[in-house]
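There are 2 protein chains.
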Amino acid sequence: MSLAEQVLQGNIRAAARLMRDIDDGRSQAVDELKKLYPRTGNAFIIGITGPPGAGKSTLVDQLTASFRARGKKVGVVAIDPTSPFTGGAILGDRIRMNRHSCDEGVFIRSLATRGALGGLSRSTSDVALVMDALGMDIVIIETVGVGQDEVDIVKEAHTTCVVMVPGLGDDIQAIKAGILEIGDIFVVNKADREGADRTARELSNMLDMRHAAPGNWSPKVLRTEATRCTGIEDLTDEIMAHRDFFLSSGTIDNFLRERNQRHFLGILRDDLFKKALLFIEKNANLDKIVASMCENHIDPYSAVEEIVSKMIPENTD
Amino acid sequence: MSLAEQVLQGNIRAAARLMRDIDDGRSQAVDELKKLYPRTGNAFIIGITGPPGAGKSTLVDQLTASFRARGKKVGVVAIDPTSPFTGGAILGDRIRMNRHSCDEGVFIRSLATRGALGGLSRSTSDVALVMDALGMDIVIIETVGVGQDEVDIVKEAHTTCVVMVPGLGDDIQAIKAGILEIGDIFVVNKADREGADRTARELSNMLDMRHAAPGNWSPKVLRTEATRCTGIEDLTDEIMAHRDFFLSSGTIDNFLRERNQRHFLGILRDDLFKKALLFIEKNANLDKIVASMCENHIDPYSAVEEIVSKMIPENTD
Chain A
111 MSLAEQVLQG NIRAAARLMR DIDDGRSQAV DELKKLYPRT GNAFIIGITG PPGAGKSTLV
171 DQLTASFRAR GKKVGVVAID PTSPFTGGAI LGDRIRMNRH SCDEGVFIRS LATRGALGGL
231 SRSTSDVALV MDALGMDIVI IETVGVGQDE VDIVKEAHTT CVVMVPGLGD DIQAIKAGIL
291 EIGDIFVVNK ADREGADRTA RELSNMLDMR HAAPGNWSPK VLRTEATRCT GIEDLTDEIM
351 AHRDFFLSSG TIDNFLRERN QRHFLGILRD DLFKKALLFI EKNANLDKIV ASMCENHIDP
411 YSAVEEIVSK MIPENTD
Chain B
111 MSLAEQVLQG NIRAAARLMR DIDDGRSQAV DELKKLYPRT GNAFIIGITG PPGAGKSTLV
171 DQLTASFRAR GKKVGVVAID PTSPFTGGAI LGDRIRMNRH SCDEGVFIRS LATRGALGGL
231 SRSTSDVALV MDALGMDIVI IETVGVGQDE VDIVKEAHTT CVVMVPGLGD DIQAIKAGIL
291 EIGDIFVVNK ADREGADRTA RELSNMLDMR HAAPGNWSPK VLRTEATRCT GIEDLTDEIM
351 AHRDFFLSSG TIDNFLRERN QRHFLGILRD DLFKKALLFI EKNANLDKIV ASMCENHIDP
411 YSAVEEIVSK MIPENTD
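Line by line, the protein sequences are chains A and B. In terms of our numbering, the first sequence opens at residue 111 and continues consecutively. In terms of our numbering, the second sequence opens at residue 111 and continues consecutively.
No wet-lab data here; the hints were simulated from the structure. Hints are not guaranteed to be accurate.
Identical copies look the same in the list; a pair holds intra-copy or inter-copy alike.
[Said to hold, decoys possible] With a straight-line cut-off of 27 Å between C-alpha atoms, the simulated BS3-like cross-links for lysine-lysine are:
1) K392 <-> K145
2) K384 <-> K182
3) K182 <-> K145
4) K265 <-> K398
5) K183 <-> K398
6) K265 <-> K144
7) K420 <-> K392
8) K420 <-> K183
9) K420 <-> K330
10) K183 <-> K384
11) K145 <-> K420
12) K398 <-> K145
13) K144 <-> K183
14) K384 <-> K330
15) K420 <-> K384
16) K330 <-> K144
17) K183 <-> K265
18) K384 <-> K398
19) K330 <-> K182
20) K384 <-> K144
21) K398 <-> K420
22) K145 <-> K330
23) K183 <-> K392
24) K385 <-> K420
25) K144 <-> K398
26) K420 <-> K265
27) K183 <-> K385
28) K144 <-> K182
Just so you know, these numbers come straight off a predicted model, no measurement behind them.
Can you build the whole structure from these sequences, using the hints too?
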């Protein structure tokens, strides 16, 4: 039985192995993913994003418990920032999730933000796909909301919760118009902290100013204290409300079209690059090309043109 | 006279136009860049990176003044984060730089972090190249240190200054091993703030633990108050000291090799992707491919294989 079939039967070990193959960039992984694609689309994907220190991990942990109590199987893809400044004791937080480690209805996978060819959004969507195929009802993607790569990750989610926290920085300037477009639900976590009212009020005001068109979803601002499990049920309810809207309003059609186009173009880009690396390995010498650039004999643009013209004959261009 | 030649003669308007062409992704820009490449390599590139709110813009402004006072022409490439959470009143800060706006020896260019095909690091290095060709002695690249893209930007710099600030977050956990490898010089800015001693001491301790091999550069921790122009001259001196080390120790040879390889591979990747988009436009129909994915008739991996096999005939693979 293929890995893909095992995953579709709910085999957790097979899923873990396939994810490892994805990480390692093995070509077999692609064959398995191909088999999974038509059998997926059942999981509801929730993105949790916000600045470092907003308490996202704890919130995800509590949401996981909440969805479990409602009988849902939950997959978690946690993007661990390896960037120096995003900081926070991510690994320490991850330990808290251990309370779910004996629960077969919870599958947690961490991805590091560095290294993956094709960027993190590719690995994230592939891992989410495997969780979907494995039978997870909910897949939560947790990511620090910085950088283009992370914005792309958020696009994979059906519902995106933007987590803010009072008193991060001296003022609310950091809340820019951008996050208003990203979020379907806004969460002021650590709501017991000073400044929580102000943060929530300013968010609400900014959202009000948007004049959402009739028939559109209008995001709410919720307050949580994840460490004390306060406000979690309301958040889960609101996520489910957005899910209902998402499925009933036709939003999902646009979403799927955009997602498929993004996946297609992303895979196209990576695939061509991989082919080019193989081509260079066979027909040229990367070290020699680079040396010739170092000696100013050729510029990188011309060097690329030379390789590409050999790789792709003119008439098919 | 070509744009490239005008730039090489120090024509600022031509440089601005070429940068605009680069931004717009015009193919003529590549022809001009090709001409510039062999004529560059004279500018010394300084990377200034650190979390939002560390006062990087003010520091860059002061450094610019300091280098100007030493008779150097200075180019500044400021990466303005468009990501929602990196925040900070970037545009406000930029206004301060106006004091250099009548100075022909200063050339400032802002790049937005979103949209550029091939990512920001490509545009940044191209813009730095134009500044180099224009005759700038120093090119300062200022960027928020988050995300893979920004780490790649830092790699373009000969000398990287990591700017930290006391009291960002409750503890120093955010300072991870990663930044120790990035920085050639560490700056604790806003050094009048509470906690500055602690931040500087902890940084020094972490650096001491690295046991730099003999003959390697050992980074120092400097303290500045950029708004009051305190510590700037020392920082400039330290940058020049690192420059001397960089040039005399042979570090530059490795640096150039890595940079040329990175440029070559990055351009290769983008170029192939652009060619693929043109190919699809001529020989296929993206909307139809996406629709067929939406109807689960094909998965994106197989759809890509189909296109690529048409684009690159088997025998040249």
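Quiz item: At most 27 Å between C-alpha atoms: does K183 with K265 qualify within a copy, between copies, both, or neither?
Solution: This pair counts as within: shortest intra-copy Cα distance 22 Å, inter-copy 43 Å.
Practice problem: Classify it for me, K145 with K420: is the Cα-Cα distance of at most 27 Å met within a copy, between copies, both or neither? | Solution: between (34 Å within a copy, 22 Å between copies)
Exercise. With 27 Å as the alpha-carbon cut-off, assign the pair K265 and K144 to within, between, both or neither.
Key: Intra 21 Å, inter 36 Å, cutoff 27 Å: intra-copy only.
Self-check item: Within, between, both or neither, where K420 and K265 count as close if Cα-Cα is 27 Å or less
Solution: neither (37 Å within a copy, 30 Å between copies)
Exercise. Could you figure out if K398 and K420 sit no more than 27 Å apart (CA to CA) within one copy, between two copies, both or neither?
Key: Answer is within: at 17 Å inside a copy they meet the 27 Å cutoff, but 30 Å across does not.
Quiz item: From the Cα coordinates, with 27 Å as the cut-off, is the pair K384 and K330 best called within, between, both, or neither?
Solution: Neither, since 44 Å and 41 Å both go past 27 Å.
Quiz prompt | Identical-chain pair category, K384 with K144, by Cα at 27 Å | solution = both (18 Å within a copy, 25 Å between copies)
Exercise. At 27 Å max between alpha carbons, let me know whether K183 reaches K392 within a copy, between copies, both or neither.
Key: neither (47 Å within a copy, 45 Å between copies)
Quiz item: Should K420 paired with K392 be assigned to within, between, both, or neither, using CA atoms and 27 Å as the limit?
Solution: So K420 and K392 pass the 27 Å test inside a copy (12 Å) and across (21 Å) alike.
Quiz item: How would you label the pair K420, K330 (within, between, both, or neither) given a Cα cut-off of 27 Å?
Solution: neither (55 Å within a copy, 49 Å between copies)
Quiz item: With identical chains treated as interchangeable, where does the CA-CA distance between K385 and K420 reach 27 Å or less: within a copy, between copies, both, or neither?
Solution: both (13 Å within a copy, 14 Å between copies)
Self-check item: Intra/inter-copy verdict for K330 and K144 if alpha-carbon distance must be at most 27 Å
Solution: Result: close neither inside a copy nor across copies, 38 Å intra and 52 Å inter.
Taken one by one, the earlier hints fail for this structure at numbers 1, 2, 5, 8, 9, 10, 14, 16, 22, 23, 26, 27, listed in ascending order.
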